[in-house]
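Next come the chains, spelled out residue by residue.
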Amino acid sequence: MLDSPISLLQLSRVTKTFGPVKAVLNVDLEICVGDFLAIFGPNGAGKTTLLKVIAGLTQPTSGTVQFALQNYKIGREKVGYVSHQSFLYNELTGTENLKFYGHLYGVSDTTGRANTMLDKMGLRDACSQRVRGYSRGMKQRLTLARALLNEPDLLLLDEPYTGLDHHGSQLLTEVLYGLKEEGRTILLITHNLRAGLELCSRVVIQNRGEIVFQGLRQQVDVAEFEKLYFQVVEDSKGPRRT
Amino acid sequence: MNQAILTWILAEKDLKVECRSPQAFLTTIFFAVLILVVFNFAFDPGSQATREATPGILWVALLFPGIIQLNRSFQSEMEEGTLYGLTLSPIDRGLLYMGKLLANWAFLVVVDLLVLVVFIIFYNFSFSVQMLWVALIIVLASVGFTAVGTIFAAMLCSMRTREVLLPILLFPIIIPIILAAVNGTQEVLILGETEFLKRWLQLLISFDVIFVATGFLLFDYVVAD
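So the protein lines, in turn, are chains D and H. According to the numbering used here, the residues represented by the first sequence are 1 to 242, in order. According to the numbering used here, the residues represented by the second sequence are 1 to 225, in order.
Hints listed in this document are in silico derivations from the structure and should not be mistaken for laboratory results. All C-beta atoms in this analysis are idealised placements derived from N, C-alpha and C, irrespective of residue type, glycine included. One should not assume that every hint holds.
Said to hold, decoys possible - Straight-line distance between alpha carbons at most 25 Å, and here's what the computed DMTMM-like set of lysine to aspartate or glutamate pairs gives:
1. H/K16 <-> D/D109
2. D/K78 <-> H/E80
3. H/K16 <-> D/D125
4. D/K139 <-> H/E12
5. D/K78 <-> H/D92
6. D/K139 <-> D/E151
Said to hold, decoys possible - A short list of chain D residues far from chain H (calculated; beta carbon distances all over 10 Å):
7. S4
8. P5
9. S12
10. V21
11. G63
12. N115
13. D221
Can you make the complete structure from the sequences, with help from the hints?
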């Protein structure tokens, strides 16, 4: 018998407006434990705002975001977030940054955990350097290490491939595969259709704040999906809904 | 983890960042010394009127440059979005406020005590026991100043006009602190007596408690969205 999926996150009629602009519009979305959800959409579609709402960084104008239905416990300490910004202190070293966030998230052995993450991200040699001296790719890997420090049940990734070189992208894909294997729940926003479709178990397309398509990865034909995506991108070039 | 330890970890991070990139420290000191120099040239240094105005001059030199640090403390958190990193973490947001307050206060006390030394030299005062009372007034007044300043700096950190708005909002609120600090300093430096000093110190402590408690309770709403 198949285990029924455990709902981790439920978004009901979520709308977020900034003045007259509807950044997120009537989004209904259910994310279950172990889901790897890829959200695609053109620039300005509202993907980042949606992720911010889920992370609790901004409150929805209307609608609800409900965590942990049934008996699944989750709180802020179990959410990892990779944003456009690194959330890292440039004047602190890589180790100091991770230890600082480790303390905030109540990680028991902060030094050990920081070293593990630095090893995993290939940053051990640079761990005592200040982050200001890191390259864009190194910073992005440290950002990922920060987000994974607390072993999150829900990982929110907003275009994590940005600024990564080939090696960095490969490393990130490997890490994401590893997390998928571990059964972690991941929400990935990316413009990289190939990487997103390769990793995800569910796909969503968001345009002008609304979710215009969602489906299981295995039911999606890549060619059809690409066609739909590019049609949405073309459509997004028209005047924005207010 | 113990809340006091967490508060210290937050403050230590800010102090470490400031020590490694002491822009605000150097600017604040320079601005404060500049104010003392300007007043020194503007008034006749030997006159009684100037002597009576020295408590006011000292507090102008202590309070206005403090604005630089308050602005800087949250501006630096915006550069890499670290303020979001902090607010996303599961710790009580009141503790984020306390950590920031502690760091700002420690920073200002160090700056202010250095400025006091320069003030003593420029305005011909002596390093006496009386100066310990002035130092105590500085320590207490800095608590109230940073308590209100930290909450306003957090409110204004994403606004383009924050440098102008912060003093406009801050100074009217901390009038009781300024009043107590200037009058207390006058008691010690000019009148040379400590008879009414206790009252000014009590006023300072009362407002410190009110401002810190208010900031602790309000910070969650300030960084909410």
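So, going through the hints one by one against the coordinates:
Between H/K16 and D/D109 the alpha-carbon distance is near 22 Å, which keeps this suggested pair within the 25 Å criterion. Using a Cα cut-off of 25 Å, the hinted pair D/K78 and H/E80 holds, with the two alpha carbons roughly 22 Å apart. Among the hinted pairs, H/K16 with D/D125 is consistent with the structure: their alpha-carbon atoms are about 22 Å apart, no more than 25 Å. Our distance criterion of 25 Å between C-alpha atoms is met by D/K139 and H/E12, whose separation comes to about 22 Å.
Between D/K78 and H/D92, the direct Cα distance comes to roughly 15 Å. Compliance with the 25 Å bound is thereby established for this hinted pair. This hinted pair checks out: D/K139 and D/E151 have alpha carbons roughly 19 Å apart, not beyond 25 Å. No beta-carbon of chain H comes within 10 Å of the beta-carbon of D/S4; the shortest separation is about 29 Å. The beta carbon of D/P5 is kept farther than 10 Å from every beta carbon of chain H, the shortest such distance being approximately 26 Å.
Listed as a non-interface residue, D/S12 keeps its Cβ farther than 10 Å from every Cβ of chain H; the least gap is roughly 20 Å. Consistency note on D/V21: stated as away from chain H, and its beta-carbon is indeed over 10 Å from all of that chain's, at 16 Å minimum. The beta carbon of D/G63 sits about 15 Å from the closest Cβ of chain H, which is more than 10 Å, so the claim that it is off the interface holds. Under the 10 Å C-beta cut-off, the non-interface status given to D/N115 relative to chain H holds; the minimum distance is some 19 Å.
The non-interface label for D/D221 is consistent with chain H: the shortest C-beta to C-beta separation is roughly 37 Å, beyond 10 Å.
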